[in-house]
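Protein chains: 2
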Amino acid sequence: MSRSYTESALFRILNPQSVCFMGASNRINSMGTMALLNTLGSGYRGKVYVVHPKDRTVQGFSAYSSIAALPEAPDLLILVVPTVVVPQVLAEAGKRGTRRAVVITAGYNEVDEAGKELQKQIDEVVEEYRIRYLGPNCLGFVNRSHCINTTTIPFDGRSGGIAFASHSGSYVCQALPYAEEMDLGIAEWISLGNEGNLDVVDSLDYFRRHPGVRVVGLYLEGIRRPEAFRKAALRLAASKPVVALYSGGTREGARSAASHTGAVSTPGAVMAGFLRQCGILQAETSLQLLQWLNAFERQPLPKGPRVAILTNSGGPGTSMADQVGKSELVLASFSGEVKERLSKTLPRTGSASNPVDLSFASDLSVYGEKLPRILAQADEVDAIMVYGLAVYASELWKRMGRRAMKEIPLETEEMVTDMLSAQADTMIQALTSSGKPVIAANLDARMDPGVRRVMVQGNIPVYTAPEESVRAMEALWRYTRIRERIEDHRA
Amino acid sequence: MSRSYTESALFRILNPQSVCFMGASNRINSMGTMALLNTLGSGYRGKVYVVHPKDRTVQGFSAYSSIAALPEAPDLLILVVPTVVVPQVLAEAGKRGTRRAVVITAGYNEVDEAGKELQKQIDEVVEEYRIRYLGPNCLGFVNRSHCINTTTIPFDGRSGGIAFASHSGSYVCQALPYAEEMDLGIAEWISLGNEGNLDVVDSLDYFRRHPGVRVVGLYLEGIRRPEAFRKAALRLAASKPVVALYSGGTREGARSAASHTGAVSTPGAVMAGFLRQCGILQAETSLQLLQWLNAFERQPLPKGPRVAILTNSGGPGTSMADQVGKSELVLASFSGEVKERLSKTLPRTGSASNPVDLSFASDLSVYGEKLPRILAQADEVDAIMVYGLAVYASELWKRMGRRAMKEIPLETEEMVTDMLSAQADTMIQALTSSGKPVIAANLDARMDPGVRRVMVQGNIPVYTAPEESVRAMEALWRYTRIRERIEDHRA
Numbered sequence: 012m013s014r015s016y017t018e019s020a021l022f023r024i025l026n027p028q029s030v031c032f033m034g035a036s037n038r039i040n041s042m043g044t045m046a047l048l049n050t051l052g053s054g055y056r057g058k059v060y061v062v063h064p065k066d067r068t069v070q071g072f073s074a075y076s077s078i079a080a081l082p083e084a085p086d087l088l089i090l091v092v093p094t095v096v097v098p099q100v101l102a103e104a105g106k107r108g109t110r111r112a113v114v115i116t117a118g119y120n121e122v123d124e125a126g127k128e129l130q131k132q133i134d135e136v137v138e139e140y141r142i143r144y145l146g147p148n149c150l151g152f153v154n155r156s157h158c159i160n161t162t163t164i165p166f167d168g169r170s171g172g173i174a175f176a177s178h179s180g181s182y183v184c185q186a187l188p189y190a191e192e193m194d195l196g197i198a199e200w201i202s203l204g205n206e207g208n209l210d211v212v213d214s215l216d217y218f219r220r221h222p223g224v225r226v227v228g229l230y231l232e233g234i235r236r237p238e239a240f241r242k243a244a245l246r247l248a249a250s251k252p253v254v255a256l257y258s259g260g261t262r263e264g265a266r267s268a269a270s271h272t273g274a275v276s277t278p279g280a281v282m283a284g285f286l287r288q289c290g291i292l293q294a295e296t297s298l299q300l301l302q303w304l305n306a307f308e309r310q311p312l313p314k315g316p317r318v319a320i321l322t323n324s325g326g327p328g329t330s331m332a333d334q335v336g337k338s339e340l341v342l343a344s345f346s347g348e349v350k351e352r353l354s355k356t357l358p359r360t361g362s363a364s365n366p367v368d369l370s371f372a373s374d375l376s377v378y379g380e381k382l383p384r385i386l387a388q389a390d391e392v393d394a395i396m397v398y399g400l401a402v403y404a405s406e407l408w409k410r411m412g413r414r415a416m417k418e419i420p421l422e423t424e425e426m427v428t429d430m431l432s433a434q435a436d437t438m439i440q441a442l443t444s445s446g447k448p449v450i451a452a453n454l455d456a457r458m459d460p461g462v463r464r465v466m467v468q469g470n471i472p473v474y475t476a477p478e479e480s481v482r483a484m485e486a487l488w489r490y491t492r493i494r495e496r497i498e499d500h501r502a
Numbered sequence: 012m013s014r015s016y017t018e019s020a021l022f023r024i025l026n027p028q029s030v031c032f033m034g035a036s037n038r039i040n041s042m043g044t045m046a047l048l049n050t051l052g053s054g055y056r057g058k059v060y061v062v063h064p065k066d067r068t069v070q071g072f073s074a075y076s077s078i079a080a081l082p083e084a085p086d087l088l089i090l091v092v093p094t095v096v097v098p099q100v101l102a103e104a105g106k107r108g109t110r111r112a113v114v115i116t117a118g119y120n121e122v123d124e125a126g127k128e129l130q131k132q133i134d135e136v137v138e139e140y141r142i143r144y145l146g147p148n149c150l151g152f153v154n155r156s157h158c159i160n161t162t163t164i165p166f167d168g169r170s171g172g173i174a175f176a177s178h179s180g181s182y183v184c185q186a187l188p189y190a191e192e193m194d195l196g197i198a199e200w201i202s203l204g205n206e207g208n209l210d211v212v213d214s215l216d217y218f219r220r221h222p223g224v225r226v227v228g229l230y231l232e233g234i235r236r237p238e239a240f241r242k243a244a245l246r247l248a249a250s251k252p253v254v255a256l257y258s259g260g261t262r263e264g265a266r267s268a269a270s271h272t273g274a275v276s277t278p279g280a281v282m283a284g285f286l287r288q289c290g291i292l293q294a295e296t297s298l299q300l301l302q303w304l305n306a307f308e309r310q311p312l313p314k315g316p317r318v319a320i321l322t323n324s325g326g327p328g329t330s331m332a333d334q335v336g337k338s339e340l341v342l343a344s345f346s347g348e349v350k351e352r353l354s355k356t357l358p359r360t361g362s363a364s365n366p367v368d369l370s371f372a373s374d375l376s377v378y379g380e381k382l383p384r385i386l387a388q389a390d391e392v393d394a395i396m397v398y399g400l401a402v403y404a405s406e407l408w409k410r411m412g413r414r415a416m417k418e419i420p421l422e423t424e425e426m427v428t429d430m431l432s433a434q435a436d437t438m439i440q441a442l443t444s445s446g447k448p449v450i451a452a453n454l455d456a457r458m459d460p461g462v463r464r465v466m467v468q469g470n471i472p473v474y475t476a477p478e479e480s481v482r483a484m485e486a487l488w489r490y491t492r493i494r495e496r497i498e499d500h501r502a
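Protein sequence lines correspond, in order, to chains A and B.
In terms of the working numbering, the first sequence opens at residue 12 and continues consecutively.
In terms of the working numbering, the second sequence opens at residue 12 and continues consecutively.
Hints in this document: simulated from the structure, not taken from any laboratory.
Source: prediction; values computed, not measured.
Just so you know, not all the hints are guaranteed correct.
Repeated chains share a single entry, so a pair holds when one copy, or any two copies, can fit it.
[What the hints assert, rightly or not] Once the Cα atoms are required to be at most 27 Å apart in a straight line, the calculated DSSO-like pairs of lysine-lysine come out as: (1) 106 - 127; (2) 242 - 65; (3) 355 - 127.
Chain A extracted, bound-state conformation (with noise of 0.2 Å):
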């Protein structure tokens, strides 16, 4: 049973030393060539070897007219080849000894009769050579430790602890750029496609043992194998978070997903209570999954729920309380000692209650500094959200000051740049002096690249609507107590 992960077929699959593409051509808009362009550019140092029926060059290669043909049997096949032909091909590479694939093309149970039939031959192939794939009908993956993505996007982001499998290969592939953007760290993303050898029970038990996973996030349209999924998927939630998105819950969804992976689907009540119960958190939206994941990848876990607010702007302050009020947190009740510290160092226009409304202060270590270490110290508080977090840090801010700039005196942009380069990086050590998990919004989050640097820099999720950031954190506490529940269950 704990066998070492780099056994499994997963990670043989992920980490070959050697690739052969079927499908890449001359042409760039094709799917082949997108995979072996990006394999490319993502760094990728094994060996690439490309078949092509007929040119004698793709992409700058030596084309080779067959599997046959081949100098070595490669470690990895990617086959974007016309429906009807992957079995034989497949048999092919079986022959010259290759044990692993990853079948993009698609058209089988998704599609027709005609497609399953297609899917049967497939399965006698691969049982004859005893080949373990990916798909069909997925995009491959991406895994930054071994510099590959065989995705139709290129990601040049940060390699971190998230890993992430998937029915869908849009999602694996056009997360990307948001992943880039949020600055995610990705360490092995996985496109499922139609399951037809490995699937999301596999997922769940090589991410558990890999020990660079930190956090799991699913898409899921259905599940195939239900009680194998709820044995790995409590293993895995014991000691890493899971994150799932469900897709095929009303009678749309699950007629969508029909026809995109072949899923069968469960009612979304159903499947709501089937993921609490293996200890997975289910996400509303696409968007809120990578949220929660970039949560989990870069911040502790809280150990209670009572939350300090600390924000310089009463509205999305009052959002962030109002959407505590609906979640499983509580707003810390601040102690006689803590209020009045935060009393003595607002000013009169400030709040001291929670959440800790600053107002305005032309002082800017109130905010930048001395407030975040009052709620860092407090016992009484396990985690704090903030709101315009480095928001004096704003460009925007600067903007003002220079288009004003012929009416000003000159030094005026220079004292605007000092203060903002002093402030983000005392606030990022005040909030984070405690070791409680920080989360923080800000309107502006994406544009303002003061907002970016802290984000980069403190390790702390920015995320646009305060109301998101809060159930971010909430996801958070409510892992604390899943964990919780499991060893209790266990012990």
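Based on these hints, arrange chain B on the given structure of chain A.
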């Protein structure tokens, strides 16, 4: 009753011929200075006066020592002076002949008994001099048509039909960078603060009569005049959609609202019912509020609930379908004829049911023109959702080509560029040719310049999360019904 909107107090505050700032100084990091610089930076063409007790020059302006010393009575006074001084300053301005003010200064009903006492003094002064004012505890306003923005954050984005009245000043100013990024078209945005004199009901009446306003957003922490609000809202909603975010619905939210704007809140369920009665759509998060305003401003209303989903990605398409299943929309059921036209156009791996899933086609005109045109023309479709709008126009995809460039022929990058620019316009034209509303989603909506171009040129709102795009379309449909209901009631 049918006074022109130009005679209302709000119009006169938002369209001043001259403005006097009290509280601006040579310190850039002060609220008064920000209000001054932002007004100048917005291109305000009226007269600007600065009153400062000591300095003779403020941000390049010759400052006057008092209101009495001004050469004329300014049309509008903008105050950021100490809390206790405001009543006296308003009296001086009243004597000088000024009748309109924005009181940014805070520290009144939202703080303590002393603050409430000061508010009463203000009430007496403004009654004596017939002064109408915004605030206290507000950030003033943005009026695009008059080139004035008194908030702390600049806006260089698009002028348009969105009006917004908010108990929170932060939501007015901090939503501006988001609005700029997402190309929201702004008319007039008003920060109401404590509503000492002008309140949300006044705003509803004003926005109804304002010919430049097409959709109205509200951020509410409580409603001081519920019966007047209901009447004003119903009259407004009969001709313009109104979307509200309410943050005072939980005990936590209500407490925070009280210390923010002195609001008296109502439990969430009660407020939800009340807003429904008023014909107002309630958003769940601050981001949803802005997203819905964007959709209303850019798109026509659907004539019915039947949605067609067009996607090049199975997963996001399924998420959209599932969200339709949870909404008041329905998935359009295609006639045999439409199905046949779709099937003939799609590749074998595609799906001609709803969602229409392209899967993959190297012929760009399939997704970029043929499928959109079939759906736009179909009688059984009231509205179109698109996932992967301009996905071929992705800079990322171009990047992929570029980084493998040393291996591939040099003409490839040009091929991609040609492909990119060819597609977007054609697709927009095909989608919108029917006059049906179109809303799109792209996980990389913000990052991709190609997608951003579609947003700007095509007037099509593009959201990051597929689920949120469906919610926005549902809001359009729900407003269609609200308007019918109000009309029926009147008939």
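Are the CA atoms of residue 106 and residue 127 at most 27 Å apart within a copy, between copies, both, or neither?
within (24 Å within a copy, 87 Å between copies)
How would you label the pair residue 242, residue 65 (within, between, both, or neither) given a Cα cut-off of 27 Å?
neither (49 Å within a copy, 75 Å between copies)
When no copy is specified for residue 355 and residue 127, does a C-alpha distance of 27 Å or less occur within a copy, between copies, both, or neither?
between (72 Å within a copy, 22 Å between copies)
In summary, the structure is inconsistent with hint 2 from the numbered list given earlier, while agreeing with all the others.
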